[in-house]
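Line by line, the protein sequences give chains A and B. Following full-length UniProt numbering, the numbering of the first sequence begins with 1 at its first residue and continues without gaps. Following full-length UniProt numbering, the numbering of the second sequence begins with 1 at its first residue and continues without gaps.
Hint data in this document are derived by calculation from the structure and do not stem from the laboratory. Everything numeric in this text was worked out from a predicted model, so none of it was measured. Heads up, a few of these hints could be off.
[Unchecked claim] Derived lysine to aspartate or glutamate pairs resembling DMTMM-like cross-links, with alpha carbons at most 20 Å apart:
| id | chain 1 | residue 1 | chain 2 | residue 2 |
| --- | --- | --- | --- | --- |
| 1 | B | LYS34 | A | ASP149 |
| 2 | A | LYS68 | A | ASP78 |
| 3 | A | LYS227 | A | ASP216 |
| 4 | A | LYS27 | B | GLU164 |
| 5 | B | LYS36 | A | ASP148 |
| 6 | A | LYS227 | A | GLU212 |
| 7 | B | LYS152 | B | ASP168 |
| 8 | B | LYS36 | B | ASP53 |
| 9 | A | LYS27 | B | GLU163 |
| 10 | A | LYS227 | A | GLU204 |
| 11 | B | LYS36 | A | ASP78 |
| 12 | A | LYS220 | A | ASP207 |
| 13 | B | LYS34 | B | ASP49 |
Given next are the chains, with one letter for each unit.
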Amino acid sequence: MTTTAAPPAPATPPVTDATVRKVPRRKRLVPYWLLLPGILWLVVFFALPMVYQASTSVQTGSLEEGFKVTWHFQTYWDALQEYYPHFVRSLLYAGTATVLCLLLGYPLAYLIAFKAGRWRNLLLVLVIAPFFTSFLIRTLAWKTILADDGAVVGALDTLRVLDVTSWLGWTADDRVLATPMAVVCGLTYNFLPFMILPLYTSLERIDGRLHEAAGDLYAKPATTFRKVTVPLSMPGIVSGTLLTFIPASGDYVNAELLGSTDTKMVGSVIQSQFLRVLDYPTAAALSFILMAVVLVVVTVYIRRSGTEDLV
Amino acid sequence: MRWIRRNVVVVAGLLTLAYMILPNLVVMVFSFNKPKGRFNYEWQTFSLDAWKDPCGVADLCGSLTLSFQIAVWATIGATVLGTMIAFALVRYRFRARGAINSLIFLPMAMPEVVMAASLLTLFLNMGAELGFWTVLIAHIMFCLSFVVTAVKARVMSMDPKLEEAARDLYAGPVQTFVRVTLPIAAPGIAAGALLAFALSFDDFIITNFNAGSSVTFPMFVWGSAQRGTPVQINVIGTAMFAIAVLMVIGGQLVGSRRKKAATP
Numbered sequence: 001m002t003t004t005a006a007p008p009a010p011a012t013p014p015v016t017d018a019t020v021r022k023v024p025r026r027k028r029l030v031p032y033w034l035l036l037p038g039i040l041w042l043v044v045f046f047a048l049p050m051v052y053q054a055s056t057s058v059q060t061g062s063l064e065e066g067f068k069v070t071w072h073f074q075t076y077w078d079a080l081q082e083y084y085p086h087f088v089r090s091l092l093y094a095g096t097a098t099v100l101c102l103l104l105g106y107p108l109a110y111l112i113a114f115k116a117g118r119w120r121n122l123l124l125v126l127v128i129a130p131f132f133t134s135f136l137i138r139t140l141a142w143k144t145i146l147a148d149d150g151a152v153v154g155a156l157d158t159l160r161v162l163d164v165t166s167w168l169g170w171t172a173d174d175r176v177l178a179t180p181m182a183v184v185c186g187l188t189y190n191f192l193p194f195m196i197l198p199l200y201t202s203l204e205r206i207d208g209r210l211h212e213a214a215g216d217l218y219a220k221p222a223t224t225f226r227k228v229t230v231p232l233s234m235p236g237i238v239s240g241t242l243l244t245f246i247p248a249s250g251d252y253v254n255a256e257l258l259g260s261t262d263t264k265m266v267g268s269v270i271q272s273q274f275l276r277v278l279d280y281p282t283a284a285a286l287s288f289i290l291m292a293v294v295l296v297v298v299t300v301y302i303r304r305s306g307t308e309d310l311v
Numbered sequence: 001m002r003w004i005r006r007n008v009v010v011v012a013g014l015l016t017l018a019y020m021i022l023p024n025l026v027v028m029v030f031s032f033n034k035p036k037g038r039f040n041y042e043w044q045t046f047s048l049d050a051w052k053d054p055c056g057v058a059d060l061c062g063s064l065t066l067s068f069q070i071a072v073w074a075t076i077g078a079t080v081l082g083t084m085i086a087f088a089l090v091r092y093r094f095r096a097r098g099a100i101n102s103l104i105f106l107p108m109a110m111p112e113v114v115m116a117a118s119l120l121t122l123f124l125n126m127g128a129e130l131g132f133w134t135v136l137i138a139h140i141m142f143c144l145s146f147v148v149t150a151v152k153a154r155v156m157s158m159d160p161k162l163e164e165a166a167r168d169l170y171a172g173p174v175q176t177f178v179r180v181t182l183p184i185a186a187p188g189i190a191a192g193a194l195l196a197f198a199l200s201f202d203d204f205i206i207t208n209f210n211a212g213s214s215v216t217f218p219m220f221v222w223g224s225a226q227r228g229t230p231v232q233i234n235v236i237g238t239a240m241f242a243i244a245v246l247m248v249i250g251g252q253l254v255g256s257r258r259k260k261a262a263t264p
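Please model the entire structure based on the sequences and the hints provided.
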């Protein structure tokens with residue numbers, strides 16, 4: 001009982017500035033005790049692994065003889081030279097999917113926020129509902145939907161869309177599966193909810209009277225949308241695009257399930273180097289490059305869009 | 001033409017919704033399929049075989065149980081640790097706040113494959129045996145940040161006057177916390193826990209790196225995409241979907257009934 005921090009309580013505690021300000025020591029430590037376990041977890045299992053990975057990326061050796069740190073930065077250069085197509089592809093596919101998510105997601109988020117009325121909750125449930133089935137099963141379903149002799153490919157073929165897309169290099173040989181288009185379609189599909197939910201949250205906060213005001217001031221609906229709705233939904237657009245782009249750039253599930261060897265993304269390479277080839281330095285270097293690229297893209301994007309209060 | 005122009009948002013929105021729902025419908029329909037080969041991608045004939053015997057495929061239900069166990073423990077771990085952090089962040093001042101905020105934000109801004117690979121490097125260096133525990137550790141790690149975000153939002157919007165009132169009414173610190181603070185924060189904590197469960201249950205990339213020879217349900221599905229997809233996968237996907245939707249609808253009904261009872 002020697003370290004009791006509670007001040008002796010007189011019958012009527014005199015409330016002065018001094019007693020309010022003098023926080024007992026045990027109380028001062030409360031936030032640190034609250035933070036300790038969780039932060040320790042993140043330090044040991046998130047930050048420390050990054051250090052280990054950094055060290056692995058500059059090691060040389062083999063599985064049998066073990067790996068040693070030799071500051072072999074050449075690995076980065078070699079990895080980039082060999083796998084830069086995969087990096088370019090990853091950024092391209094993820095970027096395209098992000099734009100598509102925004103274009104497809106915005107109308108739906110807008111519909112739910114402003115036009116749904118009493119259907120709002122139902123529509124929100126329908127947006128989240130697909131999550132309840134494992135995303136791998138749903139991604140496999142696209143194999144059925146985009147099957148070579150299926151209705152979708154048939155319709156696209158009849159409408160001559162496939163001629164255009166294969167001229168652009170998105171599809172090949174009158175099929176959609178195993179082409180970039182299938183991968184981007186899968187990525188877009190998988191990350192759409194991550195775009196729609198932030199968009200919806202920021203659209204929902206917009207005061208409907210602002211739209212009326214714009215209308216009263218003779219703004220056409222298109223102008224109102226461009227000058228009022230879009231700027232006010234900027235936070236949603238920024239967090240939605242980030243929540244889509246970041247996971248999409250590292251994803252390899254869609255590329256492996258819906259694509260071919262020509263559509264492999266960098267995630268596939270990291271995975272196979274790590275789990276099959278067991279070339280740990282190259283895998284670590286690739287993963288570091290991916291991290292750096294994503295962080296740079298994200299930082300520049302946040303700076304340019306002018307919303308830094310996300311972090 | 002006029003009608004289309006006026007309703008362009010509605011039409012576009014509903015088309016997007018159709019795009020999002022279509023795969024679920026395919027999964028559902030194909031759970032009644034009787035495929036010819038090993039893969040369940042082409043419609044053959046209607047059959048209830050898979051529904052009658054959902055565990056009929058080797059290892060399927062075992063992987064489901066493992067996923068469930070991991071998700072439950074990961075949810076508990078991440079929710080407890082995350083709630084503590086959220087309270088500390090909102091309620092107290094302390095040093096290194098910026099660093100701690102970035103440490104919480106970074107896992108959400110990192111491609112999953114990067115975290116997966118680096119965590120595996122750590123485990124390999126430490127000589128840890130890959131399996132249930134390494135997956136659980138990984139899941140708690142990546143769920144933590146999401147729980148913090150969800151709980152923080154709720155705690156921030158709480159009125160501190162309610163707790164002051166409780167103290168004025170002679171409630172001790174523990175009593176105040178259990179009877180006032182916790183019930184008000186509960187929706188945020190529940191949202192965080194739900195998110196953690198969903199993220200953990202459905203995680204593939206991080207799990208695939210760190211599971212060793214253990215097989216979770218997503219890993220089973222991944223493997224079956226190479227070996228042959230049993231119809232039972234669709235059955236389980238459909239059943240999970242149906243249960244979750246029923247739970248949401250039930251929750252809504254209870255919520256609206258309570259609201260009605262509260263406003264006579």
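Status of each hint after checking the structure:
Among the hinted pairs, B/LYS34 with A/ASP149 is consistent with the structure: their alpha-carbon atoms are about 19 Å apart, no more than 20 Å. With a C-alpha separation of about 18 Å, the suggested pairing of A/LYS68 with A/ASP78 holds against the 20 Å cut-off. With a C-alpha separation of about 14 Å, the suggested pairing of A/LYS227 with A/ASP216 holds against the 20 Å cut-off. Pair hint A/LYS27 plus B/GLU164 holds up; C-alpha atoms about 17 Å apart against a cutoff of 20 Å.
Between B/LYS36 and A/ASP148 the CA atoms are separated by roughly 17 Å; this keeps the pair inside 20 Å, and the hint holds. Taking the CA atoms of A/LYS227 and A/GLU212, the gap is near 13 Å; set against the 20 Å cutoff, the hint holds. For the given pair, B/LYS152 sits about 25 Å from B/ASP168 by alpha-carbon distance, which is inconsistent with the 20 Å threshold. The suggested pairing of B/LYS36 with B/ASP53 holds, with an alpha-carbon distance near 18 Å, which does not exceed 20 Å.
Taking the CA atoms of A/LYS27 and B/GLU163, the gap is near 17 Å; set against the 20 Å cutoff, the hint holds. Distance restraint check for A/LYS227 and A/GLU204: the Cα-Cα separation of roughly 17 Å lies within the 20 Å cut-off, and the hinted pair is therefore satisfied. A hinted pair counts as satisfied when its Cα atoms are at most 20 Å apart, and B/LYS36 with A/ASP78 does not qualify at roughly 46 Å. With a C-alpha separation of about 18 Å, the suggested pairing of A/LYS220 with A/ASP207 holds against the 20 Å cut-off.
Our distance criterion of 20 Å between C-alpha atoms is met by B/LYS34 and B/ASP49, whose separation comes to about 8 Å.
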